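For this one, chain A is given, so just place chain B on it according to the hints.
There are 2 protein chains.
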Amino acid sequence: MAGYTPAIGRLVGILLYARRTTLAAVDGMSVAELDHLQDPSSNSIGALLAHIAVVERSYQILTFEERRLTSEEQAALEPALTLGDEGRRLLKGKPLEHYVRDLDDARRLTLEGLAARDDEWLERSLTAAPAMNAHFAWFHTAEDEINHRGQIRWLRKRLVTPLSHSES
Amino acid sequence: MAGYTPAIGRLVGILLYARRTTLAAVDGMSVAELDHLQDPSSNSIGALLAHIAVVERSYQILTFEERRLTSEEQAALEPALTLGDEGRRLLKGKPLEHYVRDLDDARRLTLEGLAARDDEWLERSLTAAPAMNAHFAWFHTAEDEINHRGQIRWLRKRLVTPLSHSES
Numbered sequence: 000m001a002g003y004t005p006a007i008g009r010l011v012g013i014l015l016y017a018r019r020t021t022l023a024a025v026d027g028m029s030v031a032e033l034d035h036l037q038d039p040s041s042n043s044i045g046a047l048l049a050h051i052a053v054v055e056r057s058y059q060i061l062t063f064e065e066r067r068l069t070s071e072e073q074a075a076l077e078p079a080l081t082l083g084d085e086g087r088r089l090l091k092g093k094p095l096e097h098y099v100r101d102l103d104d105a106r107r108l109t110l111e112g113l114a115a116r117d118d119e120w121l122e123r124s125l126t127a128a129p130a131m132n133a134h135f136a137w138f139h140t141a142e143d144e145i146n147h148r149g150q151i152r153w154l155r156k157r158l159v160t161p162l163s164h165s166e167s
Numbered sequence: 000m001a002g003y004t005p006a007i008g009r010l011v012g013i014l015l016y017a018r019r020t021t022l023a024a025v026d027g028m029s030v031a032e033l034d035h036l037q038d039p040s041s042n043s044i045g046a047l048l049a050h051i052a053v054v055e056r057s058y059q060i061l062t063f064e065e066r067r068l069t070s071e072e073q074a075a076l077e078p079a080l081t082l083g084d085e086g087r088r089l090l091k092g093k094p095l096e097h098y099v100r101d102l103d104d105a106r107r108l109t110l111e112g113l114a115a116r117d118d119e120w121l122e123r124s125l126t127a128a129p130a131m132n133a134h135f136a137w138f139h140t141a142e143d144e145i146n147h148r149g150q151i152r153w154l155r156k157r158l159v160t161p162l163s164h165s166e167s
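As you go down the protein sequences, you meet chains A and B in turn.
Note that numbering that gives the first Met the number 0 has the first sequence beginning at 0, numbered continuously upward.
Note that numbering that gives the first Met the number 0 has the second sequence beginning at 0, numbered continuously upward.
For reference, chain A alone in the conformation it holds in the complex (with noise of 0.2 Å):
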């Protein structure tokens, strides 16, 4: 991966290929679809890709600003970052291209940080989490996306208009 050093170009791999495969899961959706809630106790899709990109920028404030959340950022994400009650309450009504610009806007975010660190930083452990390096921190950002692109594409399956070219 050109631009970032080898470790790091691999990880960096792995998250645009999350990425991609996350919005061709929920490419044309609208924004009933977005919101739809398969049961009391679901997150909607929005909800989701709401949550994908918070997950991003708490990463990029633990790895590459050292430092945890500040309350006012904690509660800034929270509805977010926890899912539940307070995201179905509050992460609703907005069009696809919100939840895209949002993950975008953190995604570019990423890679610049990256690009400007090394392996050597990607193994160190973290000032703010001394039990985690960065490339677990941004493994696990890539991990927890196809995790919620799982529950994606099985959420979308069951809406009246179901992805075109199905993919389990």
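You may find that some hints are simply not true.
Because identical chains cannot be distinguished in the list, a pair is counted as satisfied if it fits within a single copy or across any two copies.
[To be verified] Listed next, the in silico DMTMM-like pairs over lysine to aspartate or glutamate satisfying Cα-Cα at most 20 Å (straight line):
#	residue 1	residue 2
1	Lys156	Asp84
2	Lys156	Asp38
3	Lys93	Asp117
4	Lys156	Asp104
5	Lys156	Asp117
6	Lys156	Glu85
7	Lys156	Asp26
8	Lys156	Glu65
9	Lys91	Glu122
10	Lys156	Glu119
11	Lys91	Glu119
12	Lys91	Glu77
13	Lys91	Asp103
14	Lys93	Asp26
Derived by calculation from the structure, the hints in this document are not laboratory data.
From a predicted model like this one, the values you see are computed outputs, not experimental measurements.
Positioned in the frame of chain A, the structure of chain B alone reads:
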């Protein structure tokens, strides 16, 4: 990761991490829970575990044996590979240990195969699938598992006996 060349070692780390989280997600499940269908088009959690094991088998054949599945292998793996109606008909009535044994057996062969190969092999185009290299094949194996683990977590939360520690 000791015993592997560097890039293979990173992949092995991802594979082991994915598996650990899958096994945590199904810990303690009964046959009835493993067989439960959330709705008529759902795959049971047991069927998803069977799927994860046969996906791993099929990528062993593709990358280590450098060939496509024979028609006999294809027929044998098909219900768990494709899931859907045949999976719902055939993949049931088994205790968790059955699925875990299949997963462990598949994983042992994967780790042996990867330990016997190197990073140069990892990047070579696959004879039986020239658009792909082994790196992508094994990343995709982990990625597909994580995708389905997301579904397993979602499905398990909706059983009468949910996971004691909730994970999104």
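Here's how the hints hold up against the structure:
1. Lys156 <-> Asp84: The answer is between: 15 Å across copies meets 20 Å, while 23 Å in one copy does not.
2. Lys156 <-> Asp38: both (14 Å within a copy, 12 Å between copies)
3. Lys93 <-> Asp117: neither (37 Å within a copy, 48 Å between copies)
4. Lys156 <-> Asp104: Neither, since 28 Å and 32 Å both go past 20 Å.
5. Lys156 <-> Asp117: neither (41 Å within a copy, 40 Å between copies)
6. Lys156 <-> Glu85: between (25 Å within a copy, 18 Å between copies)
7. Lys156 <-> Asp26: within (13 Å within a copy, 27 Å between copies)
8. Lys156 <-> Glu65: neither (40 Å within a copy, 34 Å between copies)
9. Lys91 <-> Glu122: So Lys91 and Glu122 fail the 20 Å test inside a copy (38 Å) and across (43 Å) alike.
10. Lys156 <-> Glu119: neither (43 Å within a copy, 40 Å between copies)
11. Lys91 <-> Glu119: Neither, since 41 Å and 48 Å both go past 20 Å.
12. Lys91 <-> Glu77: The answer is within: 15 Å in one copy meets 20 Å, while 39 Å across copies does not.
13. Lys91 <-> Asp103: So Lys91 and Asp103 pass the 20 Å test inside one copy only (19 Å; across, 42 Å).
14. Lys93 <-> Asp26: For Lys93 and Asp26, only the intra-copy Cα distance (15 Å) is at most 20 Å; the inter-copy one is 37 Å.
Hint compliance for this structure: hints 3, 4, 5, 8, 9, 10, 11 are not met, and every other hint is.
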